[in-house]
Amino acid sequence: MEFDQTLELAAKASYFLAAVLFILGIKRMASPVTARKGIVQAGIGMVIATLATFAITGGNNLALIVLGIVVGVVPTWLWGKKVAMTDMPQMVALFNGMGGGSAAAIGAGELLKFSDPASGSHSLIIVSLAVLGALIGSVSMTGSVIAWAKLDGRMDKRFNFPGQQVFNFAVFAAAVIAGIALVAWEVNVWLIVAFFVLALAFGVLMTLPIGGADMPVVISLFNALTGLAVAFEGYVMGIEALIVAGMVVGAAGTYLTQLMAKAMNRPISGVLFSNFGGGGSGEAIAGAQKSIEASDAASLLYMAEKVIIVPGYGMAVAQAQHKIWELSQSLIKAGKEVKFAIHPVAGRMPGHMNVLLAEAGVPYDLIADMDDINPEFKTCDVAIVIGANDVVNPAAKTDKSSPIFGMPILDVVNSRQTIVIKRGKGTGFAGIENALFYADNTRLLYADGKEAASQLIAELKAVEGGGGH
Amino acid sequence: MIDGFLALWIFMLSAFTGKEIIGRVPVILHTPLMSGSNFVHGIVLVGAMIALSHAQTTLTQVIGFIGVALGAGNAAGGYVVTERMLEMFKSSKDKK
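Taken in sequence, the protein lines are chains P and C.
Per my numbering, the first sequence runs over residues 1 to 469.
Per my numbering, the second sequence runs over residues 1001 to 1096.
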């Protein structure tokens, strides 16, 4: 007996240590210098906590537990090692869904245990939080799977039908009523089944009508929800580390979600309950787009002193980031100042573009956030926009009838010259005309991103070799 | 069981801690951060392991097993991708 108590005490101490390591780890992620150490620290915390748990579980179902860990760890580890950086958002969505599912499974197991009349009476708080955690975890799991399918291109279309919102609300209300019945009436096996079916279905239903452009907000929201589910089930299981870690993630995720929704100019309720692109289509734009050849664009770059590159997700789709970095390096070698300007929602999750640029080898100190770089466009000789559209559209500041009015943008329009690398004359994701592309000092280089960058590198060499025009 | 009010205190203080430590993270690290916090809630694995160790019927064993596998996947996958991303962030002052 005494030995068991010592083991349990050691396990509890390990959980405490793990929670401290998690918080310190996340805190160290605040700077790119210490970020990697931060995640390693959090990883050590996770290993300590997992090993310590074996002291509490003793020999019960030991083989099943070990097998479950192996089944969970091996495929995700291998998959995570080789997944492409462009596919990171859906990967994070999937791993998050697993966490939600795990929390829901804990809830299901505990509720089934309570349903046994022999288990006696249960505290109202415990049953309530088991139900609440299970509800949130279930929604987060199936919702994340749909988000993964959409981001992975397995389910492109938004799925709409008449009366969808009313139907979704009815399913949600039914799940909540089933949950309340579990708490207030009795913990009954069939009620548990009905509750889970409804909760899992609601996760699917609420994510189906949401379009790909809004997915960054949705992933972040589900991340926060899983955190909450973990915290609630942590209370049910009596493990403080789960409450602390879950709550920290829940609060952080909620904050990130708000930040992102603000950067996209979309209220969270708008993402969840309405469709994109409602309202006006914006004012028509007079004038024509003026094109430019790569050789002339290279001359402009040759004469420039300060160049700001504005990449969007289109650059990543064209796999042009390596070539763009090569171009930047030759510009830097020629003594020019080069910076990258990143919109908060460039890419498919916030900060995604920074990861893609880092992968291409771009040092993070050349990458600037929107607020820092915006005043600098005035002193910029040439801005290169590649694969970005709506985030540089001045209509967001000037045209009240535009659907993107109010969205924070990069002030590329203030640059002395702008070169836009674009495949054709089409509009952006939101289908809105971009006034920047029609501006007097904007030239369009019609080409695939990767090809355009290669041409610019070659032409720049030619101009340098010839001593300029 | 944890005392109700004590739990409420833990919930409240943890929430503020989460908001405070994230509020200082620059935008360039938001993706690894989201992935990193995703990893942190993989601690749910610990709860799933304990739940499975209590399971006595086949049904609860199956559910417990699913919980452990999913939780382990969340933790392992979250760690690998976060570490991979953070490893790529280099300063121009670093040696190539």
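In short, the hints are calculated from the structure, not lab data.
Just so it is clear, the structure is predicted and the values come from calculations on it, not from any experiment.
Mixed in with the good hints there might be a few duds.
Restraint-style ranges between C-beta atoms, simulated for each label pair [claimed, not checked]: (1) N60/P with S1092/C: 52 to 62 Å; (2) E337/P with F1005/C: 54 to 64 Å; (3) G120/P with P1026/C: 27 to 37 Å.
In the DSS-like style, the derived pairs of lysine-lysine whose C-alpha atoms are separated by at most 30 Å in a straight line are [said to hold, decoys possible]: (4) K1019/C with K378/P; (5) K1093/C with K333/P; (6) K461/P with K1093/C; (7) K82/P with K1093/C; (8) K450/P with K1090/C; (9) K306/P with K1093/C; (10) K1090/C with K306/P; (11) K1093/C with K336/P; (12) K27/P with K1090/C; (13) K1093/C with K27/P; (14) K450/P with K1093/C; (15) K113/P with K1093/C; (16) K27/P with K1019/C; (17) K262/P with K1093/C; (18) K1090/C with K378/P; (19) K1019/C with K336/P; (20) K1093/C with K37/P; (21) K82/P with K1090/C; (22) K1019/C with K12/P; (23) K1019/C with K262/P; (24) K1019/C with K333/P; (25) K333/P with K1090/C; (26) K333/P with K400/P.
Glycine included, every Cβ here is placed at the ideal spot set by N, Cα and C.
Hints, verified against the model:
Remark: the range hint 52 to 62 Å for N60/P to S1092/C is upheld by a beta-carbon distance near 54 Å. Evaluation of the 54 to 64 Å hint for E337/P and F1005/C yields a pass: the beta carbon distance comes to about 58 Å. With their beta carbons about 52 Å apart, G120/P and P1026/C fall outside the hinted range of 27 to 37 Å. Our distance criterion of 30 Å between C-alpha atoms is broken by K1019/C and K378/P, whose separation comes to about 35 Å.
Of the supplied pair hints, the one linking K1093/C and K333/P holds, its CA atoms being roughly 15 Å apart against a limit of 30 Å. Taking the CA atoms of K461/P and K1093/C, the gap is near 26 Å; set against the 30 Å cutoff, the hint holds. Between K82/P and K1093/C the alpha-carbon distance is near 28 Å, which keeps this suggested pair within the 30 Å criterion. Taken as a hint, the K450/P and K1090/C pair is honoured in the structure, with Cα atoms around 23 Å apart against an allowance of 30 Å.
With a C-alpha separation of about 20 Å, the suggested pairing of K306/P with K1093/C holds against the 30 Å cut-off. Straight-line distance between C-alpha atoms of K1090/C and K306/P comes to about 22 Å, which keeps the hinted pair within the 30 Å bound. Only pairs whose Cα atoms come within 30 Å are accepted, and K1093/C paired with K336/P is accepted, the gap being roughly 17 Å. In summary, the hint linking K27/P to K1090/C is supported, as the alpha carbons are separated by about 19 Å, within the 30 Å threshold.
The straight-line distance between the Cα atoms of K1093/C and K27/P is roughly 23 Å, inside the 30 Å bound, and the hint therefore holds. A distance of roughly 27 Å separates the Cα atoms of K450/P and K1093/C; the hinted pair therefore holds under the 30 Å criterion. For the proposed pair K113/P and K1093/C, the alpha carbon gap of about 58 Å is over 30 Å, so the pair is violated. Simply put, K27/P and K1019/C have alpha-carbon atoms about 11 Å apart, close enough for the 30 Å limit, and the pair holds.
As the CA atoms of K262/P and K1093/C are separated by approximately 33 Å, the hinted pair breaks the 30 Å bound. A C-alpha spacing of about 28 Å is found between K1090/C and K378/P, which places the hinted pair at or below 30 Å, so the restraint holds. Between the alpha carbons of K1019/C and K336/P the distance comes to roughly 40 Å, so the proposed pair goes past 30 Å and is violated. Distance check on the hinted pair: K1093/C and K37/P sit about 18 Å apart at the alpha-carbon level, within 30 Å; holds.
Proximity of K82/P to K1090/C is assessed by CA-CA distance (about 20 Å); at most 30 Å being required, the pair is judged to hold. About 25 Å separates the Cα atoms of K1019/C and K12/P, which keeps this hinted pair within 30 Å; it holds. With a CA separation close to 17 Å, the supplied pair K1019/C and K262/P stays within the 30 Å bound. Distance check on the hinted pair: K1019/C and K333/P sit about 42 Å apart at the alpha-carbon level, beyond 30 Å; violated.
Proposed proximity of K333/P and K1090/C is supported: the alpha carbons are some 19 Å apart, at most 30 Å. Using a Cα cut-off of 30 Å, the hinted pair K333/P and K400/P is violated, with the two alpha carbons roughly 43 Å apart.
Hint violations for this structure: numbers 3, 4, 15, 17, 19, 24, 26, all remaining hints satisfied.
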